[in-house]
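Those sequence lines, one after another, are chains A and B. So in this note's numbering, spot 144 of the first sequence is number 144, and the numbers just go up one at a time. So in this note's numbering, spot 56 of the second sequence is number 56, and the numbers just go up one at a time.
FYI, nobody ran anything at the bench for these hints, they're computed from the structure. Since no wrong hints were added, every one of them can be taken at face value.
One side only, chain B facing chain A, incomplete, derived with CB under 10 Å:
#	residue
1	Asp45
2	Leu48
3	Glu53
4	Leu66
5	Leu67
6	Ser70
7	Pro73
8	Ile85
9	Val92
10	Phe93
11	Ile94
Dumping the calculated EDC-like pairs for lysine to aspartate or glutamate here, alpha-carbon to alpha-carbon at most 16 Å:
#	chain 1	residue 1	chain 2	residue 2
12	B	Lys83	A	Glu466
13	A	Lys12	B	Glu51
14	A	Lys251	A	Asp332
15	A	Lys676	A	Asp558
16	B	Lys95	A	Asp467
17	A	Lys6	B	Glu53
18	A	Lys355	A	Glu474
19	A	Lys6	B	Asp45
20	B	Lys74	A	Asp42
21	A	Lys349	A	Asp467
22	B	Lys83	A	Asp467
23	A	Lys6	B	Asp46
24	A	Lys2	B	Glu51
25	B	Lys83	A	Asp42
26	B	Lys95	A	Asp42
27	A	Lys2	B	Glu53
Each pair of labels, with its calculated beta carbon distance range:
#	chain 1	residue 1	chain 2	residue 2	range
28	A	Leu18	B	Ala57	20 to 26 Å
29	A	Leu22	B	Ile56	24 to 30 Å
30	B	Gly62	A	Tyr35	26 to 32 Å
For clarity, every value in this text was computed on a predicted model and none was experimentally measured. We put the CB at the ideal spot given by N, CA and C, even for glycine.
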Amino acid sequence: MKIKIKVKNLIKLSILTLFIILIVLPYATLEIAKYLDRKGSDKALAFYESYLNKPVKLQNDEALYNYALNLAGETDKYTIMMMGWGGGAGTTLDGLEKASLALEKILNNSSSEGAFYSRAYSKIMDICINLQEPKELMNWIEWGKKNTDEEINYISDLYRAFYHYANRDYDLANKALEGYDITDEVVDNRYYTIQGEIALFKGDFETAIRNFELSTSFNTSYTDSLFGSRSYIGRNYWYNEYESSLKGNYKVRGRVEFNGEPMPFVEVYIQDNTGFRTGGNDHIAITDINGEYETLGIRSGTYQIGIGLSNSLLYDKVYLRQNLRSLNLNSDLVFDYSFNSPIKVISPKPGTVIKDDKFIVEWDNVSGADYYTVEITTINNNATFRTPIIDNDGDYRIRETIAEFDIDKSRNNIGGLSFDGEEMLLLPMGVLGNILPGEEHPIVVNAYDENDSLIGSSLPLNSLYEDISSIVVEGYLTQGEKLINESKYEEAIKYYEEQLQKDPNDKEALVYLSKIYMIGWKKGEQNFDKAIEYSTRYKELTNDYNLSLKAIGFMDHDARINNRTFIENLFDEIPVNERKQDYYYELGRFYTSLGEFEKSRTAYMEYVSNGTYIPDALLYLNLYLGDFDGALSILSDYKFSTIRMNKNILNNSILSLKSDNINATDYEIFKAFLEKILRGNIERTEGNELYHNTYNKISNPELKNILHEIRLEMYWDMDY
Amino acid sequence: MNNKDLLGKEIKGIFEEETKDIELSSSLIDSIVNSRKRTWQNKLDDFLNKEIEIPIAPAIVGIAALLAISIVPKDILKNQEIKVINIGSSQVFIKNYKDVSKK
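Extracted from the complex, chain A is given alone in its bound form (with noise of 0.2 Å):
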């Protein structure tokens, strides 16, 4: 069908045309872009650089800007803490560099002018500040001063402010906001949280909390920051917590690095040992461009201290994590945060087939290493499990640069236990093992030093998962593995066990049967006769004892005591030379149970050795047997680590225990709690009333102390 039109006509339609493609679809692009940014979308980008590629941009400020804000992301900081790491807001460097771009292309534009070229000029110094970039962000302070915009001026003295204040030049920073009053039209909210800031860490607390209130007074929303931040929003809520819960006269100080070099403008956080945050992340400290710190005043006790930093700046650093979960703080203390580079894995590369059951990794050596760890990471429903492999000596501790490891070995250990759902229902990977055919699994290599601190790894903060090194193990789950992998327990238990009728060594069945039944596919369900029956038919077979070990590893006191002749069999029965920790470690539980404290200290003593950690267990053995030097001892080690309880009170009411005449029925039901804590198995409740109960039959206040710092770290004064 055609239709007949007069030139003039067509012409008048073209132009019309034209002008929509030119002027009216560049407008809708925009508000396209900006509509899908609101809805958080992530195909806003695409439409905001369609809009900046056209040839007409009448808003073009205004889509650079809300550009740049999309690829630089919200400022939540990725935050490391003692126990606890993770959150941020997912930004890129790529996106960042990428964001100041656009925002360099307002400011240089000298037609541009307006609420988005001052906008512009906050955001590239928030930028420079989540970059870590002290030089950059004083660049662009200097450049704001020699503006003609009097807005301008104002937000580069506030910057420079700040950049006063984060290097703890409190009369700068104030010299910089000279001038300015209330009745300046520009002073905004910024103006009186930075002198809110500068007066709270110069200790005039008066003059910060005003400046805190004032800034409310502007309309500032929860999403919104300052100076590269959210910490800031709310200081006055935060202000009121950490006066009530934190402040007092001890300070933490130290120094953030990577590879030896400062990182400036990080954020220092504390929190409280109940594991619940004081006042969200808001920051007691920020590093200068030294990199060190130095905290609010604190008052003593027991805390969480963490760090906080862009996600931008991850995929490259590796955290150096200390072996400490808490801070006991009674004094002025030092606590430094160190980053390092990746250790690089030289192979196997990433997507390494491996098609016989041995596969080899080598890595770079770490300067000051002792020993390596090779970790394999098992992937399932997005739930992830790393386990150290052990390689052909039996080893988990590896001192080369290069370790063979064999799979099946790997195989019959216990994957990451997980359970789900009321019946507490086992997920396969427990029984299956860490390495599976026909799956992929990263490999993670880590170096510790003498003192067995982490001083190296091959997988920082963060990464891309096409850069990790990685096995597929060639070959298919057998019938049996995929019954359990769909959690057919039931199934695949009695398909096993057919299997074992028709052939009574098959390793596969046992090895799965022993585990089925030693961890519980569900809740009710663990048989420790089956677990023992069928792992010790495997060590027959094959003169491994590892599984029927782990059988033990799964008893409680009960199950010990009512396997005791298969247990001291097993133990006697596995020869000297391949006695390692878990050996020990569970004899000296199984001597526990049998109520033979000495001995069980002896065997922990032994696991403690060449182990990482001292068990509290070893603790409490020692002051159940009234060995108060060996408590101390224990106390002191770098390689006895508390989550809540205060080890200085601990120390001062040992020492005190040492000189002080105790009385004999005091020290009888000190004992008979501790007995019962070192037989495990204490639900929350009924332990807060073992705990009261002991408490007020004794009467020395030492062994209160003890008592109360004891409940603290099994959290039974926890009310959830």
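Got chain A; can you put chain B on it based on the hints?
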């Protein structure tokens, strides 16, 4: 008074009187119009008023395609799904996520 003007007016009056009932045929008018000398404005008008035929469907499709190309970004269909998994304390980004555990 000018004698020439009076004469001109009289001749004009006689001419109008004599020709007032005379009509030209349309073919004669067309012949006169077509054979006159054409200016560029005449040519332009002719061109602008010329009618052309346009097929509707292709025209609509063409305009729609032009609008779509103008407004829809070219890589909008590029769907790079990125998934994040945690391996220990590390966040691992998987681009173009497939079930990486299965090979």
